[in-house]
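Q: As a plain string of letters, each chain reads:
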Amino acid sequence: MPLLEGLHPVGLALATLLPWLAGCGAVRCWLGPVPTTLLLGHGYLLGQLLAVLLLLTWDALGFTLAWWPLATALAAFGAGLWALSLRRHPAHWRPTVCLSPADLLWLLPLAWFLWSRGSVLVAELALRPLFAWDAWMNWVPRAVVWFEHGSLTEFVLPPAWLAAAPGSELYTLGNWRAGAYPPGVPLLLLWQMLGAGTFDHTLLYLPWLLLAAACALALWGHLRLVGLGRVPTAIAVYLLLSMPLLTTHAVLPGYADLWLGVCFTLGAMALAQWQHSGERRYAGLALALALFCTLLKTPGTGFALLLVLATLLFWWRPPAAWVRATVLGGLLLLLAGLLAGLNPELVRYLQEQPVLALPGHLPALKLQLSPLLPYLGQTFFVYDNWHLLGVLLLAALLARVLACGPASLNSIALLLLTGGAVVLALVFGFTQYGQRLEQGITFHRSFLYLTPLAVFVAFACLQPLLPRAAAGRAQE
Amino acid sequence: MQQELRLQWLFGALQGVAATAAAVVLLWAMLPAVYPPDAPAASDAALVLPGREFAAVVAARAAAEGDSMVVQAMQPAERGEQQIGEAVWRLEQPGLSADDLAQLRLELEGVQPGQEVVLFWRSALAPEQLHYAELGHGPAGVSWLNLGQLDTWQGQLLELAVGVFGEPGPEPLRLRELDFGGYNRYDAAQRVFAEWRRFQPWQQSSANWYAGVPGAALIRPAAAAGLWAAVALVLVLGWHLWRRGPRGTLVVAGLWALLIPWLALDYLWQVQLERQLQETRAQFGALSQAEKHERAIDADLQRYALHLQQILQPLRHQRLFLLHEANQGHNFTRLRLQFRLLPLNIYNYGNTLVAPEHLRPSDLVLLLKPVAGVRYDPARGLLDDGAQQVAATLLDTHPLGSLYRIAEPGHAQ
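Each protein sequence line maps, in turn, to chains A and B. Mapping to the working numbering: the first sequence position 374 is 374, numbers consecutive. Mapping to the working numbering: the second sequence position 326 is 1326, numbers consecutive.
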């Protein structure tokens, strides 16, 4: 079969399943029994994090990166997690999902969508060799070199490469800063390569499709836990998976944006569940995902900081009015940022300010105002990056505030969504990165960090406004 | 209680569907808003030029078939280093005044993704000057162009032509007709839907944004759907304020008022994905990895990389400096070759040699063409970039580049 030529299918299957199983074991061990969708969604991300940490630790200990020892180690660790989890919370095998004939009204359309869209995406990914530019320029090369060397050869910036002493095996990439990018995505690709026994195959990039599926599963689980009915939850899952730019990043794999977006979203939803249920262990899950954010992309540090700050804020339990004020303040700051770039005087003033040096490999920041508002309108209301997410979010927020008053702004998920939006507005509206607005490179896809969370926030806003039966515990 | 809930959902859904249907009627009434500024209204008789009135002046083989002019084989041509095909249909002295013609509708079948379709014209205002405008190509071979917005579309037309350029496809190119007319709702709607169904294969920009339609359009689908949803939401809200129904019903209605336009947008996206899969299958279906690489756009670079890796197998741990003329920004050729040469250790910057203190004996230098500033003197065994000369041995020469091995660090002239 041409599709499977050149790789070890069993190894690849294990590379896909072992982290997932281990991740699910970690989730169950930490949180106890949770709905299956939540287990699978968070389990996938945590499993990838475990694989990444295992590779880093293995290499730090001086061992050669070889598949079977690594797989055995992860399998043993995963088995240990499951054993511990089952000892703490014995499993009671009983059907937990009750479906009635009326459920077919949402189940059949959703299943049809998942089949018709999913089959196209799987075929496209399986047939097309690595295509997306940043994938083969920035993220995949390190995985290839590490695969060939059996160790995590160091990548440095070009000046350091030139100045390196003879005998030191340092690498550099053709994009100046790419060698200093966080190692998460190359490492999770390396894991797939080790399992498959090759660095060159389309099926190595299945994790990008599975990532979208994991996000959808986690979204379902969290929305059901906050009390949303199955029909609107199914609609939310459909809206998430139908967004074109999210789909594109799943089917033209190799970029890190979708990973960061899903990681941040799952971390925010975990904190939202903490707020909803009072179960503090969800904070631990959010912090683990914050760690993963830092390993994925340079901006991931900023988003990880948001998750940590939100965790600390909630631990502190300030008065609800303070949280509302923070959200409102963030929204006003965002608005100010959007409008400031339209003022020529302010533009001139900031251009005269000096460059802000940042530590380590981080690029220096030059304060520079850019007219962000038109581009924001373009990405949400003119281009079809996110279908009608902009309209949905605005309408849902407005409906919630008008129906429930300012108290409805007391939401940690909304706080994180606002914080993330402020971060993007600051980067593109107040620094030299605004120069890229006209080209469209980076700006539109940066919203991948927030759009999955925006779907959750919109439907969480709608949840108390929709007709619903008496609350029952969500099982699926 | 359950019954009441079901009724709220049902009435909400009915209200939402009714609102979206009413919104369609309102938008139909508002459709003239998408016409270009100063667009004239449609006249009763649109001007139609059948394809057989054009002569196929650039074609390897062409013939009239019914009302159409068919180019059965494109004329071979070269664009840079690429072999392409060309086809041009021309109408001399059409006897038309450009000022009377606001909108063009072209029916041209057989155009492949990646081919360019261009309208050419000369007018009496500047007889020596040939003007052109690119048309997108829509489904069923129909494409549109706003003529009124073209600055040079003025005066009495002396010549009108349509050209197709690009890699030849398997089908003949059939020019059926050119229509010239003004704007009316029916034609505008036809045009809008034709533009929305235009297909563009994956581009490198696809991971950066999705515009909804390639090239220009009267109105983008997301903007239209957003407007549709907004009008429907306003109607839902207005009905609720008038009838004072339960809040739950209002929210359900609002959800449907948004979901239906979303589904319509998503249908267009699904059509794009399915068409893209057809293209992908045609290019890569039932092939092994190696065979897929032969079909990719950088097949020549991949072959060159394999060639170099065979030569460099004993020298895999040496450093390699890749030089290429494109020195600014990200150049596809040099970056793609670096990727294909992995795991060779490559410094991929600049179009001249690095400073002598950074060069070591046995370092490799790859001059990926074009590299205007670096020359090799085989008689003296020297690489010379004008600032320094470095002793080097030629290891390989190839149409895409040449490979050298440094003998000893160079000295400045």
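Honestly, the hints are just simulated from the structure, not real lab data. Ideal placement from N, C-alpha and C gives every residue a C-beta, glycine not left out. Careful, some of the hints might be misleading.
Stated by the list, open to error - Examples of chain B residues lying across from chain A (beta carbon under 8 angstroms, computed):
| id | residue |
| --- | --- |
| 1 | PHE1199 |
| 2 | TRP1202 |
| 3 | LEU1218 |
| 4 | ARG1220 |
| 5 | VAL1251 |
Q: Work down the list of hints and note, for each, if the structure agrees.
A: Do the hints match the structure? See the list:
{"no.": "1", "hint": "PHE1199", "in the structure": "violated, 14 angstroms"}
{"no.": "2", "hint": "TRP1202", "in the structure": "holds, 6 angstroms"}
{"no.": "3", "hint": "LEU1218", "in the structure": "violated, 13 angstroms"}
{"no.": "4", "hint": "ARG1220", "in the structure": "holds, 6 angstroms"}
{"no.": "5", "hint": "VAL1251", "in the structure": "holds, 4 angstroms"}
Against the hints set out earlier in the document, violations occur for numbers 1, 3.
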